[in-house]
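Each chain is listed here by its residues.
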Amino acid sequence: MKNIRWKVFTVIGVFAVFFTLGVYPILANRYNLPAPAWLKAKQLKLGLDLRGGVHLVLRVHTDEALKTSTTTTSDQLREAARTAGVNLTAVTVPSPTTFHVEGVPQDKEADFRRVADDITGTNYDRNPGPNGSYDFTMRPNIAVQMRQQTVTQARETIDRRVNELGVTEPNISEYGDTGDQLLVQLPGVADVGRAKEIIRSTAQLQLKIVEAGPMSSQEALLQQHGGKLPDDMEVVPGAAGGDEAGAAFYLVRKTAAVTGQDLRTAQPTLDDNGRPAVGFSLTREGSGKFGKVTGDNIGRSLAIILDNRVQSAPRIDGRINDNGRIYGSFTQEQVRDLSLVLNSGALPASMSYLEERVIGPTLGQDSIRSGIISSLAGLALVILFMLAYYKRSGINAIVAMVCNLIILLGLMAYFGATMTLPGIAGFILTMGMGVDSNVLIFERIKEELAAQRGARAAVNASFSRVFLTLLDTHVTSLIAAAFLFQFGTGPIRGFATTLTIGLLTNLFTSIFVSKTLFEAALRRQPAQASLSI
Amino acid sequence: MSFFANPNYDFVKWRWHAIALSLLVILAGAAVIMTRGLQKGVDFEGGTIVIVKFDTPKAIEQVRAAITAGVPGGGDAVVQDYGPSGSGSVMIRVRRTGQESGGELSKEAEGVMAALKKSNLGGFTVIGTEIVGPIVGEQLRRQGLLATVLALAGIMVYIALRFQLSFAVGAIAATLHDLLVCLAFLAFFRYDLTLNVIAGLLTITGYSVNDTIVIFDRVRENMRSQRRETLATIVNTAVNQTLSRTVITAGTTLLSVIALYFFGGEVLEGFAFTMLVGIISGTYSTVFIAAAIAIMFQGRKPVKGQVIPAAAPETTRKPGRRRAS
Numbered sequence: 208m209k210n211i212r213w214k215v216f217t218v219i220g221v222f223a224v225f226f227t228l229g230v231y232p233i234l235a236n237r238y239n240l241p242a243p244a245w246l247k248a249k250q251l252k253l254g255l256d257l258r259g260g261v262h263l264v265l266r267v268h269t270d271e272a273l274k275t276s277t278t279t280t281s282d283q284l285r286e287a288a289r290t291a292g293v294n295l296t297a298v299t300v301p302s303p304t305t306f307h308v309e310g311v312p313q314d315k316e317a318d319f320r321r322v323a324d325d326i327t328g329t330n331y332d333r334n335p336g337p338n339g340s341y342d343f344t345m346r347p348n349i350a351v352q353m354r355q356q357t358v359t360q361a362r363e364t365i366d367r368r369v370n371e372l373g374v375t376e377p378n379i380s381e382y383g384d385t386g387d388q389l390l391v392q393l394p395g396v397a398d399v400g401r402a403k404e405i406i407r408s409t410a411q412l413q414l415k416i417v418e419a420g421p422m423s424s425q426e427a428l429l430q431q432h433g434g435k436l437p438d439d440m441e442v443v444p445g446a447a448g449g450d451e452a453g454a455a456f457y458l459v460r461k462t463a464a465v466t467g468q469d470l471r472t473a474q475p476t477l478d479d480n481g482r483p484a485v486g487f488s489l490t491r492e493g494s495g496k497f498g499k500v501t502g503d504n505i506g507r508s509l510a511i512i513l514d515n516r517v518q519s520a521p522r523i524d525g526r527i528n529d530n531g532r533i534y535g536s537f538t539q540e541q542v543r544d545l546s547l548v549l550n551s552g553a554l555p556a557s558m559s560y561l562e563e564r565v566i567g568p569t570l571g572q573d574s575i576r577s578g579i580i581s582s583l584a585g586l587a588l589v590i591l592f593m594l595a596y597y598k599r600s601g602i603n604a605i606v607a608m609v610c611n612l613i614i615l616l617g618l619m620a621y622f623g624a625t626m627t628l629p630g631i632a633g634f635i636l637t638m639g640m641g642v643d644s645n646v647l648i649f650e651r652i653k654e655e656l657a658a659q660r661g662a663r664a665a666v667n668a669s670f671s672r673v674f675l676t677l678l679d680t681h682v683t684s685l686i687a688a689a690f691l692f693q694f695g696t697g698p699i700r701g702f703a704t705t706l707t708i709g710l711l712t713n714l715f716t717s718i719f720v721s722k723t724l725f726e727a728a729l730r731r732q733p734a735q736a737s738l739s740i
Numbered sequence: 020m021s022f023f024a025n026p027n028y029d030f031v032k033w034r035w036h037a038i039a040l041s042l043l044v045i046l047a048g049a050a051v052i053m054t055r056g057l058q059k060g061v062d063f064e065g066g067t068i069v070i071v072k073f074d075t076p077k078a079i080e081q082v083r084a085a086i087t088a089g090v091p092g093g094g095d096a097v098v099q100d101y102g103p104s105g106s107g108s109v110m111i112r113v114r115r116t117g118q119e120s121g122g123e124l125s126k127e128a129e130g131v132m133a134a135l136k137k138s139n140l141g142g143f144t145v146i147g148t149e150i151v152g153p154i155v156g157e158q159l160r161r162q163g164l165l166a167t168v169l170a171l172a173g174i175m176v177y178i179a180l181r182f183q184l185s186f187a188v189g190a191i192a193a194t195l196h197d198l199l200v201c202l203a204f205l206a207f208f209r210y211d212l213t214l215n216v217i218a219g220l221l222t223i224t225g226y227s228v229n230d231t232i233v234i235f236d237r238v239r240e241n242m243r244s245q246r247r248e249t250l251a252t253i254v255n256t257a258v259n260q261t262l263s264r265t266v267i268t269a270g271t272t273l274l275s276v277i278a279l280y281f282f283g284g285e286v287l288e289g290f291a292f293t294m295l296v297g298i299i300s301g302t303y304s305t306v307f308i309a310a311a312i313a314i315m316f317q318g319r320k321p322v323k324g325q326v327i328p329a330a331a332p333e334t335t336r337k338p339g340r341r342r343a344s
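Here the protein sequences come in this chain order: E and A.
If you're matching positions, the first sequence starts at 208 in the working numbering and goes up one per residue.
If you're matching positions, the second sequence starts at 20 in the working numbering and goes up one per residue.
No lab work stands behind these hints: they were computed from the structure.
For every residue, glycine included, the Cβ atom is placed at its ideal position computed from N, Cα and C.
Certain hints may be false.
Label pairs and their computed distance ranges (CB to CB) [unchecked claim]: (1) E:E376 x A:K137: 33 to 41 Å; (2) E:G400 x A:T87: 24 to 32 Å; (3) E:R212 x A:I52: 54 to 62 Å; (4) A:P103 x E:F715: 35 to 43 Å; (5) E:R522 x A:T87: 50 to 58 Å.
Bound-form chain A, shown alone (with noise of 0.2 Å):
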């Protein structure tokens, strides 16, 4: 079975229309998220979650009710089902914790309960609460985003050193698309941004590359064979030849994901979808950014006839480590 025989798409034709299409999605993400603004966690915003379990289960709106009468400043709290829905289960999220308020930092899950016992709802037991003070949430915003630029730095050094600077850039380009499409996606649908996400994001970042340095090591070795052509065609054809390889692979991690976001529950939801929208973002952007940015930056140049500077580092490289191919 294939599902590519003999592919021989132009790919390298339509890279401007791609271009566009994903400055539009990022656009509208950034206009989203400007006006909007993306919805931060608890985890880097700070604030208190407290998720109960009602005996018999509750319609949303009456928890809602009884937690803006009970908790003050509740009319802002989100509620909302917890886990498949008749599970009795609800999270209550408030954006303050108490230590702001000059109070222990638990005060403000304290009111939570406090509200619930009060009103007409019947009995429920806590299964769980997050608090995260002001000085945590400034803490894990600051080294996400540590993590993640140094990853970013990370892998765009391990590039350079392993293929041209262009190559590097057209990586980095489409790993940096990817990420901002999941945070359009995330802003577009509402999700939270939590450490799980973030770890979605960096887990992206991996995997998008991965998928560019297959179609960039097809270029590097089509190189050789291919020396009279432009950098163009040999990268439209290491796009078709690998294409197959990218799509399929596309697709298992894709099973595995889909998998997690129907069946992993409420805690992985945000992480599953940040890899679902990255796993598709990032084989989109394999196939159209990626090339299309390497031959942009190498464009300037002459390439036909030229020695390719991509075999450069194969030949430095010492006898023998090469022994392999």
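Isolated chain E (complex conformation) (with noise of 0.2 Å):
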């Protein structure tokens, strides 16, 4: 008993240290009470469903960016084998990572095989078929690498046009167990529908040469190449509705002037009529590219694509190295989205949202009140039960439940866990369970005290006999909330979350805490002392 001072001290440390932790920052941001700025930064951070916000899930299409890098490939091949004398006859891409080629003639085959290894190099597997065909197939450890790029590469776009939307504290993260999904949380967002559009939208600009169109029809924009599509050009619809009145198509070549990885920034502005228009400035290298193209082809008219689809097609009228418009009919409000989906980035490949919840502010107060109210409700009935069954013992766990209970409030705090609905819950039962080990403790010392010991006796006894069974029991807990943690993600991980926390400070409030004051209480009394329990 002689480090009984000690150990009084170090309850009464503890406890001021988590108080001034976890409860003084929140009481001091609501009262206005003087605290550092360090400490008031320590807040409990609140979940969507307490706070209000829009929770996302997302599925990055990545076949479309093995489909593109394939694609990609299969065109600089038959460039390649063009330059070194062998032109393929047909070019095919049946999957995302499989292309097939044709007409290689047999004298030629070294030579194809040389630029294909040049081209394809480690990253396709080359199989020769029937009458010079050959199928390339991505290698499996490729596609994934590719496949996990294309994920972390949207991540980190989604990452940048939410901060240029202004959202604090959005979390972006890759999700779920197929590798290809993205959780988007963001607090405090209002207008859902223009961050979701904003999010998704791919933003892949290109500007490239109009070689003919608009036309209502393709068959009539190809009719002067013979119904035939040449090899290095394309036809892009040109934007649904709008000023056109009708379908437009537009064949233009393949290879882009610029595309929206050349661009350095993009602001909204007015078109020559006033109408809102997206400016754009170039990058040094993107402005060497668009120079020469635009001084090629003056009188020309050169395509902006967004998304595959023309938005408008003005003519060139002498050389522009580094500044442009974007213009063709849009609202005010799309001109500053556009300028931002431009700014930060394209995505690598569409998305779809596979997960959408949307918890308003007054639904996130009403589940704040109703949490403090449970809490409350569910102390004070502890409380008068604890002080009803067991008299002054009862004191000594409530006692230990509330520092139980700051502990956990200031290592929330401190550590930046977030609190959810079901993390309240997680709180409450947390009361409940730590008040489960002092009942285990007070029934044991109830009963040794039944077989005539002396109060100190008793209760270090039933201290020591206690531990066992305790700590047996929060493993227990501990691996259920260990597996729930795994599983769930916001609310329910907050739950697990507070649970974990709540588990480990109840072990050392029950035994150390509760022991503390028992011994402090029975300090000075003679050693068959009685026990108000």
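Put the two chains together into one complex; each comes in its own frame, and the hints tell you how they fit.
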């Protein structure tokens, strides 16, 4: 009992530290009490379900990125083969990871293989077929790597867009077990529809020289080329609706003069008619390319293609180096959002929404209110019961429980853990379980007292007997909580976090704090003193 | 104050009745689930929930009529009050999302809002939406099942390490019993299986084992002091010795869960209900089921006069680790 003073100091110290870390900042914020800034920053974070906001799960169509890569590789191979004197008769891309070529003459096979080795290198496996045909298949490890890269790129792009939107503390992370999902959580966002559009718009900008068009059908466009699409050209539809009546198609060069990657900045501006437009400036490399293409094609039209639709096709009046405007029929809002997504870069592939939860701010406030009311009600009920049943020892359990809750709050605030509505449930449950441990100890003390032991001996024996039981019960609950943490996102994870920390702190308070209180109370008593229990 | 001064009930004698009663509840639950199915919430089944708050409270029937008229397939929609009645908040649940019919995920939700706007129910604000597509629903279903199974397995391994195997079987049987009883009651009272309910079930898993461990620990302790008794007697003594503790802890946890049930709001109601049933069932199974199963597994061997295997892990433990006792 000599070290009892130290134990009491430890208890008070722990209590004070966690009160300062966890509870005081909340009170300081609410009632404008003085506190250093670093302490004020240690606020308990509120989850989406309490704060209000949007929770979105998206699927990145990684196949698209693979297909783009495979198509590009096959085009490169065709060009390189032509340069080497091998004119391939057909190049097809039957799946995102494979392409098929035909028409390699027998006497040129060695040349073709050399070229193919150069282009497809270590990324594709090559299999010869009948009559000078070859199948190229992307190696599985490359495909996996590319899918991963696509998802990472998409995450980074969304990250930039969300930041441009001015959302505070967003969470954008990879999600699920299929490897192509992204979780986007935006606290406090009101205009959900707009946020969703901005996140998802691929914003693939391409500027291409127009060869023919606009015309009302693809057939009409191809007539002058004998009904067959030339290898280095493609047909792109115009933007639906708007000023243009009916469908319109353009025949454009396949190679883009400039893409979104060459952009340095984009910002809202007006076109010559005072309508909303997006002004852009190019990177040094981009402006070099652009200057050359525009200089060579004065008098022709330049198609401004956004997400594979021609927005407008202005005539090139002179060489343009590093500035330009994208105009079409845009509203002011569209122009603002388009600048935003152009600035944040294009998504490597399109995406679709898999899950969408919107929690309005009023719903969050209601949840906070019911959370607090039920916590207080639970606390009051438990306190009343403990006092009625265990009399003065009940105070002991209550002190341990309150200490437990404060340490729990303090730890959560310190580590920036997120409090969710199920988290509050975890809080209440921790309260119940904390009392559990005390009951276990108290009932044991009662038994020991009934077995004619002195109060001090009874307390000591009970705590040591019960220790292993408590350890076992807490470990099993921790196992359940750990799997809960693995399983859940958002709210459920908040529950698992609270429960886990609560179980750990509970082990401390029910054993150390509660015992110290008993020892302190019995300190000056004779060994055979009675105990109010 | 004491609820049970010196309890000496013969719990073990009643074990067959108890097992019969439990089987009855579980089988009834299974029958209900088989005929009516367990109602899955949008989390696991996928679907669309729109929560709106009308400027002036509207009768549920009016809202339902508007949805039936204005949303394709709206006749199957669930329309109910959200939160305290009279608050004007209504929850509308449609069992589909737009994606399945080839549209955008939020198509159904937009359809619901359009239908409400078209009807003459006055102004409203959408205070929340939940749309879960089939892929995520399937994913959550798989993860939820996996988490529950793994948690059970993890706990069983831990108990098997700390106690002997027959006890582990008893504890797991009791825990499974509690999970099944919870599911039965969820089915009886038509609660939706949601993420929060799964959280409740997992918490019950931990909690139920807790209770059981307290008794098993006591059995282990008594095995040393009552070497000449049969296991049934030892178990019965242990259950009686810990009875007031079992009842009181269940009581205090129950108090906090009751507070949650009544004041926790709509979102947590399913969770609180699961906990409520689970705690009661957990206490019951601790007293009647866990030990009974352990005795059954041990029962084939004569226990009397035998060197008790439960003590084995104790003796093999390094000296000093149990210095506390």
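Cross-check of the supplied hints:
no., hint, in the structure
1, E:E376 x A:K137: 33 to 41 Å, "holds (38 Å)"
2, E:G400 x A:T87: 24 to 32 Å, "holds (26 Å)"
3, E:R212 x A:I52: 54 to 62 Å, "holds (60 Å)"
4, A:P103 x E:F715: 35 to 43 Å, "holds (39 Å)"
5, E:R522 x A:T87: 50 to 58 Å, "holds (56 Å)"
The earlier numbered hints are all upheld by this structure, with none contradicted.
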